[in-house]
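These are the residues of each chain, in order.
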Amino acid sequence: MSHAKKSRFPLLMTFLVFGYAFLYGPILSLIVYSFNESRLVTVWGGWSTKWYGELLQNEQILSAAWLSLKIAAISASFAVVLGTLAAMALVRFKRFRGRSMLEIMVAAPMVMPEVIIGLSLLLLFMAMDDILGWPEGRGQTTIVLAHMTFAMAYVTVVVRSRLAHLDNSLEEAAMDLGARPLKVFFAITLPIIAPALVAGWLLAFTLSLDDLVVASFVSGPGATTLPMVVYSSVRLGVSPQINALATIIVVLVSLAVLFAGWIMVRQEKQKQRENSQ
Amino acid sequence: MSGGQMSALKLAQRLPGAAFLSNGRHWIIGLPWLWLTLFFLLPFLFVLKISLSEAVLAQPPYLPFIREIEDGAMTLVVNFGNYMLLFEDPLYRTALLNSVEIAAISTLLALIIGYPMAYAIARAPQAWRLPLLMLIILPFWTSFLIRVYAWIGILKNNGLINNTLMSLGLIDQPLEILYTPTAIYIGIIYSYLPFVILPLYATLIRLDDSLLEAAADLGCRPWKQFLTITLPLSMPGIIAAAMLVFIPVMGEFVIPDLLGGPNALMIGKLMWTEFFNNKDWPLASALAAVLLVLLIIPFVLWRHYEQRQEQQGEAR
Amino acid sequence: MTDVSKPANAEHAQPIVRIEQVTKTFGNVYAVDDVSLNIYPGEFFSLLGSSGCGKSTLLRMLAGFETPTHGRIYLDGQDVTDLPPYERPLNIMLQSYALFPHMTVEDNIAFGLKMEKMPKAERDERVREMLALVQIEKFAKRKPHQLSGGQRQRVALARSLAKHPKILLLDEPLGALDKKLREQTQFELVNIQERLGITFIVVTHDQEEAMTMSSRIALMRDGRIEQVDAPRRLYEYPESRFAAEFIGSINLIDGHVVKQEDDQVWVQSEQIDGLLQVRHSQPLVNDMAVTVAVRPEKIQVVPALSQGSNTVQGVIKEIAYLGDVSIYHVELPSGKRVMFTQSNIQALAEQPMTWNDSVTLTWQPNACGILVK
Chain A
1 MSHAKKSRFP LLMTFLVFGY AFLYGPILSL IVYSFNESRL VTVWGGWSTK WYGELLQNEQ
61 ILSAAWLSLK IAAISASFAV VLGTLAAMAL VRFKRFRGRS MLEIMVAAPM VMPEVIIGLS
121 LLLLFMAMDD ILGWPEGRGQ TTIVLAHMTF AMAYVTVVVR SRLAHLDNSL EEAAMDLGAR
181 PLKVFFAITL PIIAPALVAG WLLAFTLSLD DLVVASFVSG PGATTLPMVV YSSVRLGVSP
241 QINALATIIV VLVSLAVLFA GWIMVRQEKQ KQRENSQ
Chain B
1 MSGGQMSALK LAQRLPGAAF LSNGRHWIIG LPWLWLTLFF LLPFLFVLKI SLSEAVLAQP
61 PYLPFIREIE DGAMTLVVNF GNYMLLFEDP LYRTALLNSV EIAAISTLLA LIIGYPMAYA
121 IARAPQAWRL PLLMLIILPF WTSFLIRVYA WIGILKNNGL INNTLMSLGL IDQPLEILYT
181 PTAIYIGIIY SYLPFVILPL YATLIRLDDS LLEAAADLGC RPWKQFLTIT LPLSMPGIIA
241 AAMLVFIPVM GEFVIPDLLG GPNALMIGKL MWTEFFNNKD WPLASALAAV LLVLLIIPFV
301 LWRHYEQRQE QQGEAR
Chain C
1 MTDVSKPANA EHAQPIVRIE QVTKTFGNVY AVDDVSLNIY PGEFFSLLGS SGCGKSTLLR
61 MLAGFETPTH GRIYLDGQDV TDLPPYERPL NIMLQSYALF PHMTVEDNIA FGLKMEKMPK
121 AERDERVREM LALVQIEKFA KRKPHQLSGG QRQRVALARS LAKHPKILLL DEPLGALDKK
181 LREQTQFELV NIQERLGITF IVVTHDQEEA MTMSSRIALM RDGRIEQVDA PRRLYEYPES
241 RFAAEFIGSI NLIDGHVVKQ EDDQVWVQSE QIDGLLQVRH SQPLVNDMAV TVAVRPEKIQ
301 VVPALSQGSN TVQGVIKEIA YLGDVSIYHV ELPSGKRVMF TQSNIQALAE QPMTWNDSVT
361 LTWQPNACGI LVK
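Residue numbers (our numbering), protein chains in the order written: chain A, 1 to 277; chain B, 1 to 316; chain C, 1 to 373.
Calculated directly from the structure, the hints in this document are not laboratory data. Careful, some of the hints might be misleading.
[Said to hold, decoys possible] Far from chain A, by Cβ distances over 12 angstroms, these chain B residues were calculated:
no.	residue
1	T37
2	S51
3	M84
4	E88
5	L91
6	Y92
7	N98
8	E101
9	L108
10	D172
11	P232
12	L258
13	I267
14	M271
15	Q312
[Claimed, not checked] Listed below are the simulated BS3-like cross-link pairs for lysine-lysine, each with C-alpha atoms no more than 25 angstroms apart in a straight line:
no.	chain 1	residue 1	chain 2	residue 2
16	A	K183	C	K143
17	C	K298	C	K336
18	C	K298	C	K317
19	C	K114	C	K166
20	C	K117	C	K166
21	A	K269	C	K141
22	C	K179	C	K141
23	C	K336	C	K317
24	C	K179	A	K183
25	C	K259	C	K336
26	B	K49	B	K279
27	A	K183	A	K94
28	A	K269	C	K138
29	C	K143	A	K269
30	C	K141	C	K117
31	A	K183	C	K114
32	C	K143	C	K114
33	C	K120	C	K138
34	A	K183	C	K117
35	C	K138	C	K114
36	A	K183	C	K120
[What the hints assert, rightly or not] Quick list of the computed label-pair ranges, beta carbon to beta carbon:
no.	chain 1	residue 1	chain 2	residue 2	range
37	B	G24	C	E236	46 to 56 angstroms
38	B	G24	C	M288	30 to 40 angstroms
39	C	E236	B	M235	57 to 67 angstroms
40	A	E136	B	G24	49 to 59 angstroms
Backbone N, C-alpha and C define an ideal beta-carbon position, used for all residues, glycine too.
The shape of chain A in the complex, shown without the other chains (with noise of 0.2 angstroms):
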């Protein structure tokens, strides 16, 4: 390593540690303070865990999270098979009609305010509703559809990644021996794009759980998501029972990923472990 590069190192590492309090602290508040007794959020009156026993006997929150998670599940299902074939279509398709046209329609739904994209499905949904009967009235199957719609760009985006990077002579080789298209996709394709796959279904499921706007407009009066309440509860200012969701949640989260993170490491370690061989 070069002279310049180690005397900038403990500038650039002070940064770092700064930023990664930034992005840390609100959230240690939130799991310090869902322990607290009082309910006075911010004055401290000795540990508690009675937020997390209220939060559980809490219904409305129980089944807004429940319809929060089916809602999730299906949409990013969906979004997976729809962002996949829109990836397929950009990577593998070179040229053909109405490319460029798909390119800014799986990139605009990642940029684009919530409230447009709220709003503007709102009444696509009231139109047909109108002309062709479906979905008839709004709630759970219009939030799926509004969900679909902003998650499949990113699965796009995460599959696409994955596609580009794949030799194309491991496809040319199956049907050299002998695999026809569709056999070529579930034997080779598919299991080697898994992984892009897994996340994407992972990111489109996380995006679901956590809109509020879109779905405050396409919902209708029998469909709260969970989003919807914790605002509706916030919005009155702060709530230690919120505070204890947000711990659940965090701590959820936090498995989630460093059980990922674990599971990628020891690949690693594995595969160099076999190189070395």
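Model the placement of chains B and C on the given structure of chain A, informed by the hints.
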């Protein structure tokens, strides 16, 4: 098979539907294309349509476009009143300018904070990079709403910051942070930081170290190396990061609503209020249409730039 | 002169691969330009050329990955031009090997057999046979990323041979191996080919590799075939300047025909200020401009004052010591340079010749050729 049947069969094969079924390629391209056209593009037409109608207290709360006047005669009523209002009422103009200002400044601040972090991660020892990156992404997987909410507890008058500063005796009056523009900036930078760091990291990690070595060999000092080599070559990442912040922040609702308080004026929040509180769907639609037009310009420029970059990459 | 369109041992055989006037264009680039070629059963046939000469495109059209713009391709008498790869009775070993990363060595080899729904017992037997053929039994349960480059190459070979194809296409089969391993594997490939009696069609850019392994070589340039011949004939009797220069090094001397008697041609050359005598059986016209080609190793050093045709005098200007041989560059009075090689028979002996020595060189009339193209 008779000649008539034959020609009917041939005709059927030529119909777009038949080709669609007979060819996998058409499915792969057609399905996502149709879906996005129907659920992403088409809805904007409805926004445009509603924005040109009049608001009423009814369900749905707007008057139809084509109306029946006496004797069954139909007439097309196009109402530009909503757009007129947007340009005449200072409230909307202020909201618009505010949104542009807040989006631009927070994009700049996020880049200033995010660039050194991305740079540090890219320069970190190989074994550290993956864990460091995962730590950047991890908050993104937890609820956005809850992360914004966390700042309320920190910034409010009897929140974490003020309590700490007061107990240390540094101030005796609580600092007003929550429900000010500062709180909005903090919330935006905090929420969008991963979107800045990831694309920047992706370009920085691809940077060839030997370029810097060559520059150093030619007598270029470290700071100058950064300005003349690293910064220009990371431009694609900077532009991607800026767009990933600027465009969605222009229409942001949750952050100004929770941290900016009732007086915060941004288009996204105003749209929400017009729609949910005032039930003025046509006006909300007009706001959405104006915002959309404003955002299309940077978006198209960005896509154009990205495609040019890609082509250059392929040519190389 | 023998018919070079067929290998010597296949006078009466029917071609197993027939390529008829095949052209392939990408946009307005002619990757393959009107190529016709017959390949016979049991041949080890090489498509040789530098990158971009169209050899890989031609191979990919045989495999079915590309469709010709014009022309037809016949395998064993059957027109396969429009058949997809999975219906063609041949297999290919790709340059990248294209081993399926998520399958073990065994599963990779069994893949093609599973596609043709071979019963499991028979399939297992075939996989064992293939593993033994390329000597990788030990690695049967490993995944591709756990193998070395040489082992991967063997798996790829075994996989493409598993279906017992009559024709095997190999795209730069040794390209990814280092030099030592490459030389060793060349002979193994030839042995396997002879043992199985399969027709091999190999794409390579490496002239030594093509010379070592092939029964015949098609030298390609700019999408066209420059010359098709057995390696030895290609080396000794190149037909064009390009063919002469592509394989090995060569001296090219320009001149014009002054006399022809039986199979002997005399060429007057300003470059050597004298007469060249060349064995050449095809009729030529007097005064026709020709190029005489002489390989450096065919040139001998003779005592000064020697006279006659094919004799030149000059001064040694450069010496390149390559270990086994040394290459001498001799400048003639006309400024023309001629290369010749000498085996280094003695180690560290006093060099018999050194810079600025005057030397007289000569070669036999049947040791050189005339480029007709």
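So, against the hints stated earlier in the document, which numbers end up violated here? Violated hints (numbers, rising): 1, 2, 12, 13, 14, 22, 24, 38 and 40; every other hint is consistent with the structure.
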